Every structure is written in C-alpha cells, then in structure tokens.
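2 protein chains.
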Amino acid sequence: MSEPLFKRLALIGIGLIGSSVARIAKEHGDIAAEVVVSARTQKTLDRVMELGIADRVEIDPGKAVDGADCVMLCAPVGAFADLATRIAPHLAPGAILTDVGSTKVSVIRDVGPLVPEGVHFVPAHPVAGTEYSGPDAGFTTLFQNRWTLLTPPPGTDEAAVEKVAELWRRCGSMVEIMEPGHHDRVLAIVSHLPHLLAFTICGTADDLADESRQEVLRFAASGFRDFTRIAASDPVMWRDIFLNNREALLEMLARFMEDAQAMSRAVRWGDAAYIEDKVERGRKIRRSLIEMKQA
Amino acid sequence: MSEPLFKRLALIGIGLIGSSVARIAKEHGDIAAEVVVSARTQKTLDRVMELGIADRVEIDPGKAVDGADCVMLCAPVGAFADLATRIAPHLAPGAILTDVGSTKVSVIRDVGPLVPEGVHFVPAHPVAGTEYSGPDAGFTTLFQNRWTLLTPPPGTDEAAVEKVAELWRRCGSMVEIMEPGHHDRVLAIVSHLPHLLAFTICGTADDLADESRQEVLRFAASGFRDFTRIAASDPVMWRDIFLNNREALLEMLARFMEDAQAMSRAVRWGDAAYIEDKVERGRKIRRSLIEMKQA
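Residue numbers (the numbering used here), protein chains in the order written: chain A, 1 to 295; chain B, 1001 to 1295.
The shape of chain A in the complex, shown without the other chains (with noise of 0.2 Å):
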C-alpha cells in the first residue's frame, strides 16, 4: 500500500459523492490518514459516524478543517460561497482546498477570492453519480473508469494539482484538467441539459388531466421510465447546478429547442427522410460511446 496522499481529509458535505470518497479513503487507507467530516445536520453526522465512514465528525465546518492538509467541498455548489467563508480563517497555510461542484466557472467565482493567501485552490468535478443521495448512497467503485477534470485557475502550484490528480486516481478515475469555460459548456450539453429536459417531462406529464395522468403511471414505456430515473435525482443539487451554470444551459438549451422545433416541423410535415437522419445520429452517437466504453 502507498504512503496516504494526506495527513487529514476534510469533507465539507457527505452525499453520494462525499460518502464515496470517504468509504474509499476508509477501506484503500492510501488517500488520508484521517477523515474528518462535516454536514448542515447532527442527523447526518450521527449516520456517518453509524456507517463508520468517517475518524471524526464535526458540525461546525471551521472545526472540520481545522488541521486538515485536504478540505473537500462536497455540497450542492449554492452553499460553497457560505461554506468558503466560513472555512476560510481555518485553512492552514500550504492546505489543498478542492470541490467536486458541478459547475467550474461558479465555483472559482464564489469561493476564489475567499482563498487565504497560500492556501492551494484546485477546483475539480468528478463525472460520476447515480440518482440516490445522502450519505447511505456512495460507494466505492462510483468513480471506477469514469474522468474527474480538474479545473486550475492559471499560477495554481503544480504539485497541489497533481495531489488532487493522484487522490481521484486513487479514487479509480482517469483526470484530465481542463479550462473551467470549456468544462461548463461540455456539461451543459451532456450532463445538464438532459437532467433539465427529465425534470420538465414529468412536469408536462403530472400536468395532464387526472384520468391521463393515472394512465401515465400504468403505461410508462421504457423511454419515460428512464427520464423518470434521472429526474429522481437532488432537487437542490440539480437546482444549484442550472442556477450555477446558467450561461451554458440556456445556450445549449436555445440549440436544443432550435433542434426540437425543427423535428416538430419535419413531423408536422412528413418529412421521413430528416427523422431517420436524426435518429440514425442518435445511434451514431450510442456506437461512439460504446467503442469508448461510457456506456
């Protein structure tokens, strides 16, 4: 076993991703010596500590990071500005702060000017989840053959970057760093946008008459049985990441709704030729992923 990349992990926040990486820190023993972590709620810390995830719980989030060569923050990416000022006068010179946020550009906007001088800020996004939450949901494998990208603002020192590349490939992921501008607009379209268009699905849906509604219910087809799935997923999770990467959604949602007002032409007007081309693109795109193994 190597050497623990760190003396003490902070995690700020202990959902799906959070719990994940604490069972992994707890089981490989190579990440952190210690795992200290910290949640809004006593409920929370009490299941932590019950799951046995964690060396050490702290409600007070200054407390958690008090000594921690690695902080965490692992939260809906709407509480990271409170979280960041309320950690900051804990954060020890030469410390790593890192996040798992969803949305990079947010990020280094709201918690980069709280960064104390000397403190290593290296935003990072791992792109793995499944639709359950809460410190119950993580386990060990989630980050298995899936990227984390991290994101540096330019100067950030090297070596930190690099603790934070070996910690998630310690984790099981494949890192790849990339420009927080460009990172947000790749999620809007493949991460973001399709929770969106989930989520308002099933509000067109429970809109309909009562009668329907039921019957929408009974005869859920496989297709709107799998936009159920990823519309089950944190409402305020999901609601921090669109009003935190509101730029790229809506433009890739302007795009998509082009794109959707044309296939309603082309039904409206029989134009077969057009919907086999787009659903043969769809097949296209399933054929890339499979070949790079995403699917």
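Derived by calculation from the structure, the hints in this document are not laboratory data. Everything numeric in this text was worked out from a predicted model, so none of it was measured. Here a beta-carbon is modelled for each residue, glycine too, at the ideal position from N, C-alpha and C. Some hints could be false.
Unchecked claim - Short, incomplete list of chain A residues facing chain B, as computed with Cβ under 7 Å:
#, residue
1, Ile177
2, Gly203
3, Arg239
4, Phe256
5, Met263
6, Arg265
7, Glu276
8, Leu289
Could you slot chain B onto chain A? The hints should help.
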C-alpha cells in the same frame, strides 16, 4: 399445458417484438401449434430458421397467412397499409388479424378498410421494448409484467378480442382495452415524446464544433448516457411512429416546449423555487412508478 390458442400463427415481420412472440410460442406451446414467419428479406428468414423460432418461413406475406387462424403484423407501422393490401386476399373467414404497432389510430385507418368481411381485426400494442432490434433481439420474458393495450374498433367480435387478450396473457403480459385515440395520446407522452427528445439531443450534441463533440463523447455523464440508450432504437420503426402519431405527438411536444421555455426563463431569472418544485415533481412521479412496479 393448455391447448394451443391457435392452429397457425403467422407473424409478418420478425423484429424485437415478433421474435419474442415467436420464441414464447415455440417454448410454451400453448399459443399456436404452428408458427409461420414472413419478413422482407431472405437473409432475415434464413436467420429465423437458424434460430429455430419458426416452423416455416415465407418471403411472400400472402403465402405466410394462408390457412392461419391468427395473423400478427409485427413490421414498422408505416408498412401496414401495403402489407394489409398484400395479405387481405389470403385471410381466411373467421381468422383474427392483429398487430403490435405503437400507434393505433393510424393502424385502424390504414388496415381497417382492407380487412375482408368475416375476418376479426383486433389492434394491439404490447408496451415493451429495448433499444435492440431484429430477430436476434427477442427474448421470452420481454412482456412479463408489462401492459398490452387492445384497441378494438366498436362492434369487434368479443370472442376474438378475448382470444387476443389471452394470447398476450400467455406471453406474460397484463391486458387492458383502450380507446385508440386515448391510447395514442398516452403513448405520445410516455414513449414517443421521450424518444423524440432523446434523438434530438443527440443531434444537438453532434452539431457542436469538432473539439467539443469529442469531449461530449469522452465525458458523457450518466444523463447523456441514458439518452443515447433510448436514442439507439430502430430508425425506421421510430420514423413511422412519429409520422403515424402526428397529432398527439405534436400536441405533447408543444406542451413540453412551453414547459421547457418556462424552465429556461426560471434559469435565466434565477427562480430557485420554480426549479426546485419541478425537480421535486420528477421525484414524485418516479416514486409513483416504483410503487406501481413499472420502474
């Protein structure tokens, strides 16, 4: 084992649904004493014989239905008018003609007028599927705990309707009778619209600049992966479904577009409560589906 329901079942088209019915008929023995299969190409028919899922194959659909007491159209719905024209002169008085198409108003419109006097026409739709197609894709458990919706026109012989219902129950399906127009509206929202959206977003992603497209494929998060699974379905089948459920699909798409615009506006203006509410509704629908054991 019960007596076979039919002496000779003719399957016209042998994709995912048809080949699942063929497998069940061959395996259980209580559906038909003999299974005859017709398909567009000799290659497919050769494969059917290799798979051992038919007693006899016929490239000519007219020959396939000769002497059959049950004929099931299992081709894409756009081919039904042509197929009905070709088989009509060969249908025996007293025989049952049914289908498995995903649109029912169009099937009654296209096939109904061609059904000879004395032949019982019982349109049906097993609401089940995967993203795979062709005679190799079928399996005997496809219909288990799924619904099959029957949409017999007014005045259809009740004994014939009951025989088709019994066929689907013996395939493991639950059966319900529904008005064809209502069927098309419910299916538009639970299946056809989700597929249209999935195909569309794959196209939107595919239209991004080359560099981004490569990254879309590399970093496809779970949201997009699920969409591409849906989008991997058979192009001709889906083209035909869209074109043959035009009115209902366009109405549901219009409702969805209004809702997506409202969501877009909420994201632009930072309406956190609206977004959270929509995500919560998605969760609620998901929970209902799980309670109803459809997920």
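Inset, instruction - Compare the structure with the hints numbered earlier in the document and write down the numbers of the violated ones, lowest to highest. - result: 1 and 6
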